[in-house]
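Peer 1: Let chain A serve as the given structure and place chain B on it in line with the hints.
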Amino acid sequence: MKLAQTLPIAPTAVKAFSEAHHEVAWMTQLRQAALNQFESLDFPQYERMNYRNWPLTETRNFEVESSEQPDLSTINMHLEKAAGSIVQFGNQTIKIALDDALKAKGVIITDIFTAEKEYPDLLQQYYMQVTTTPDEHKLTAFHAALMNNGAFIYVPKNVVIDQPIQAYFVQDSTQAQDFVHHLLLIADEGSEFTYLENYETLGDHKNVANIVAEVILKNNSHVHYAAVDQLGAQTTTYLNRRAYVMNDAQIDWAVGAMNNGNIINDFNTALKGRGSHAEANVVAISTGKQTQGIETRVTNYGQQSIGNILQHGVILEKATLTFNGVGHIVKGARGSDAQQESRVLMLSNKAIGDANPILLIDENDVRAGHAASVGRVDEQQMYYLMSRGIDKETAQRLVIRGFLGSVLTAIPVKAARDQLAETIERKLVDGQATENDKN
Amino acid sequence: MTETKNTKNNEEMLSSVPTIDDYDYGFSDDVKPVFSTGRGLTEEIVRQISAHKQEPQWMLDFRLKSYKIYKKLAMPDFGPDLSALDLKNMLYFQRATDKQYRDWDEVPDKIKDTFERLGVPEAERKYLAGSSAQYESEVVYHNMRNEFEKLGIIFTDMDTALKEYPDLVKKYWAKLVPPTDNKFAALNSAVWSGGTFIYVPKGVQTDTPIQSYFRINAENSGQFERTLIIVDEGASVNYVEGCTAPNYSSDSLHAAVVEVNVLKDAYCRYTTIQNWSKNVYSLETKRAQALENATMEWVDGNLGSKITMKYPSVYLNGRGARGTMLSIAVAGEGVDQDAGARMIHNAPNTSSSIVSKSIAKDGGAVDYRGTVRFGRKSDGSFAHVECDTIIMDEKSSSDTIPYNQIMNGNVSMEHEAKVSKISEEQLYYLMSRGISEEKATEMIIMGFVEPFTKELPMEYAVELNRLISYEMEGSVG
Numbered sequence: 001m002k003l004a005q006t007l008p009i010a011p012t013a014v015k016a017f018s019e020a021h022h023e024v025a026w027m028t029q030l031r032q033a034a035l036n037q038f039e040s041l042d043f044p045q046y047e048r049m050n051y052r053n054w055p056l057t058e059t060r061n062f063e064v065e066s067s068e069q070p071d072l073s074t075i076n077m078h079l080e081k082a083a084g085s086i087v088q089f090g091n092q093t094i095k096i097a098l099d100d101a102l103k104a105k106g107v108i109i110t111d112i113f114t115a116e117k118e119y120p121d122l123l124q125q126y127y128m129q130v131t132t133t134p135d136e137h138k139l140t141a142f143h144a145a146l147m148n149n150g151a152f153i154y155v156p157k158n159v160v161i162d163q164p165i166q167a168y169f170v171q172d173s174t175q176a177q178d179f180v181h182h183l184l185l186i187a188d189e190g191s192e193f194t195y196l197e198n199y200e201t202l203g204d205h206k207n208v209a210n211i212v213a214e215v216i217l218k219n220n221s222h223v224h225y226a227a228v229d230q231l232g233a234q235t236t237t238y239l240n241r242r243a244y245v246m247n248d249a250q251i252d253w254a255v256g257a258m259n260n261g262n263i264i265n266d267f268n269t270a271l272k273g274r275g276s277h278a279e280a281n282v283v284a285i286s287t288g289k290q291t292q293g294i295e296t297r298v299t300n301y302g303q304q305s306i307g308n309i310l311q312h313g314v315i316l317e318k319a320t321l322t323f324n325g326v327g328h329i330v331k332g333a334r335g336s337d338a339q340q341e342s343r344v345l346m347l348s349n350k351a352i353g354d355a356n357p358i359l360l361i362d363e364n365d366v367r368a369g370h371a372a373s374v375g376r377v378d379e380q381q382m383y384y385l386m387s388r389g390i391d392k393e394t395a396q397r398l399v400i401r402g403f404l405g406s407v408l409t410a411i412p413v414k415a416a417r418d419q420l421a422e423t424i425e426r427k428l429v430d431g432q433a434t435e436n437d438k439n
Numbered sequence: 001m002t003e004t005k006n007t008k009n010n011e012e013m014l015s016s017v018p019t020i021d022d023y024d025y026g027f028s029d030d031v032k033p034v035f036s037t038g039r040g041l042t043e044e045i046v047r048q049i050s051a052h053k054q055e056p057q058w059m060l061d062f063r064l065k066s067y068k069i070y071k072k073l074a075m076p077d078f079g080p081d082l083s084a085l086d087l088k089n090m091l092y093f094q095r096a097t098d099k100q101y102r103d104w105d106e107v108p109d110k111i112k113d114t115f116e117r118l119g120v121p122e123a124e125r126k127y128l129a130g131s132s133a134q135y136e137s138e139v140v141y142h143n144m145r146n147e148f149e150k151l152g153i154i155f156t157d158m159d160t161a162l163k164e165y166p167d168l169v170k171k172y173w174a175k176l177v178p179p180t181d182n183k184f185a186a187l188n189s190a191v192w193s194g195g196t197f198i199y200v201p202k203g204v205q206t207d208t209p210i211q212s213y214f215r216i217n218a219e220n221s222g223q224f225e226r227t228l229i230i231v232d233e234g235a236s237v238n239y240v241e242g243c244t245a246p247n248y249s250s251d252s253l254h255a256a257v258v259e260v261n262v263l264k265d266a267y268c269r270y271t272t273i274q275n276w277s278k279n280v281y282s283l284e285t286k287r288a289q290a291l292e293n294a295t296m297e298w299v300d301g302n303l304g305s306k307i308t309m310k311y312p313s314v315y316l317n318g319r320g321a322r323g324t325m326l327s328i329a330v331a332g333e334g335v336d337q338d339a340g341a342r343m344i345h346n347a348p349n350t351s352s353s354i355v356s357k358s359i360a361k362d363g364g365a366v367d368y369r370g371t372v373r374f375g376r377k378s379d380g381s382f383a384h385v386e387c388d389t390i391i392m393d394e395k396s397s398s399d400t401i402p403y404n405q406i407m408n409g410n411v412s413m414e415h416e417a418k419v420s421k422i423s424e425e426q427l428y429y430l431m432s433r434g435i436s437e438e439k440a441t442e443m444i445i446m447g448f449v450e451p452f453t454k455e456l457p458m459e460y461a462v463e464l465n466r467l468i469s470y471e472m473e474g475s476v477g
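As given, the protein sequences belong to chains A and B, one line each in that order.
Position 285 (the first sequence) corresponds to 285 in the working numbering; numbering is contiguous.
Position 397 (the second sequence) corresponds to 397 in the working numbering; numbering is contiguous.
Chain A on its own, in the form it takes in the complex (with noise of 0.2 Å):
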């Protein structure tokens, strides 16, 4: 199977889809012109990512519905603290909930077809206009011109939340359908709140997913941002999360890529304004036969910008995990910071790590460093707790749970961090027994 050069839907069924949907008409547009330039437009490359053999852009359905009454059962939602939040489902929303209070301060939880109508200018002005554009490359036109789901999450000025505003994003493998999931998440001037979010799958049909997050984060705002993504082992995924951010600004990001799937991770921070800031946390779990490519890439624009990255994976079976990070620091970016750490463990021979510590420094008043390291399970940690009557696999576990603490210490609702833990444990036994079985 080849990546298509072209895409099998006609200009006609994209407006369909646009006027079933009531979409207003630069909406309708945005997607034409993107259908339109998907041909001559390239794949993006990612250094040592080599996904030509992944039917990325092979469409089966973007336009069929989705359930609107879907068993979600088997999801694990905790949403008991939110402070708003919203489900999906396929191209479907199932829930949108809100604090009243918050929702009497102008904070905005919508789908995006919704938001479309309602908040125009916001969308008009930030949707795939600044972290990314239609005409970046052929998955963001893919995506620009068959986006069939989405939300629009709108803080306002000076508005602290404490409880986090969740999400849950339900891939409907249920049916042979896409996936084009779109996130709007703007952060106005002063603003501080947590964002927890869910990408799961639900279902075992072979599907695409192609979704683009994007973040604007204003003047003295401040975002964490949690996701743990466990799209299904049937799906093939393009992710594109995206922030950018002014003066004063900070995203601390913190993602846990727990996918079964084969999967590009294009996570990318735009460091715009002087005196902003990124963390960019992410850990990764490869089993079975899957590749996951994760590019964590930090740019710095504004001066006195700071910008560190660290990467924690594990690997095990015959999976392969590519750590890309990238720290750039373009000219003027004067009295900036770029760090990066990749860090890697492999437990199996028959894996395959790559980790790439890019640093593109093209200013002199600056610091920048990377540091990268690929090894095995601490012997000295193994040994303690085996001398303590644990036993080998869960000793491994144990050092392989702290070895990914980062990122667990940084997502702060109780439940979802345990379900983060959960999810590590599972596919860490999984691959440990498969490990053994071969031993």
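Don't read these hints as lab results, they were simulated from the structure.
Incorrect hints may have been included.
Below, simulated DSS-like cross-link-like pairs (lysine-lysine); rule was C-alpha separation at most 25 Å, straight line [claimed, not checked]:
1. 331(A) x 421(B)
2. 157(A) x 81(A)
3. 331(A) x 306(B)
4. 331(A) x 418(B)
5. 377(B) x 289(A)
6. 272(A) x 395(B)
7. 377(B) x 318(A)
8. 421(B) x 454(B)
9. 272(A) x 418(B)
10. 117(A) x 103(A)
11. 395(B) x 421(B)
Peer 2: Below, chain B without anything else, positioned relative to chain A:
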């Protein structure tokens, strides 16, 4: 070794050449080649080169095959911009003399003067076991002291080696760097000329360095030396090469292929001080293999050239093999040093170390580009990579692009890199003790490159310090 450079005579010669400040080797001579294939490259020229050298049929076949590959391969799709490199206008083969000399007194005066000014014969008298000098396409002078010849060490130029040791050459030829490796390796394979051949027999060990000196003289010249080193079991060798060229407004090309075979328990250190003038493209393919318990050490100084693309590698093919790379790169105005190393761990318990120090100034670019790969069979192996860069001013830039690929669960790899300007704290400390900013900057830079210079033969270390101090002049303010 530098005293001979600034005599009155030389200054007169210098005046006829457009020189760039601070480059001592930018002079040229009006040596007329006794034979040249002229500008450009065709299959006929490849045949002419081979015929002139009276080569065996297999080598002609190899050249012709390589020429076909060269025409097919694309330019590198990474790194510096090579679009200004005018391959059509290049002189691919020039013979400067009719014969090769063993005695400096016999070398034609003009060529001799050149090497005198570069300090080559003086260095030989002082501390070298053997020395050779390549001028344009071929080696013009070559000598080795008797005591080393008696040990059975073969040290000769590649053209002679092909005639005198055909079996040995054929056995190792293009085994590490096939012509398909990259476009410039293919070009070298088609038009190679000169270079060094060294064979050190089993168990023979010598610390005294053997040196080759490469000089490009004419404008638009291509130099395509081919070096093959075989260090037999338990033997050791220390090889040093230096490179310079005159300053011209148009470009020259140096595209070498170097293959080093370090057999079981053997040791090789290969030191390069590349100080090409700022009109030379230095696009090289250097590769070594280290067998069981063997050690290969690259020591690589890149000070000159317009664009350098060079990533010497060590294939750690035997259990317990070791590979190291210690490099510095200095890029001034208009210079792009794109250099690094590759360590390929193919056997158990192998280890490698890469230490790279780079300095960018006056708008220069220094890039580290390297690879560490642990293959399936690399159980118990270890790699360490350290890249440090100083960017001296706001016009300069630096990219660090390391690839670390791991296909074995029982290995460990550590990688660290830092990019910064000159440390304000160190500057402040030195200046508060009455040292001028210029001197303080120089001292910090010298300290920064010291891990490299201390590994050089003394004469080279002195020369390198002088060069860096020259480069640093005027970099404050």
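Peer 1: Taking the earlier hints as the rules, which of them does this structure contradict?
Peer 2: none
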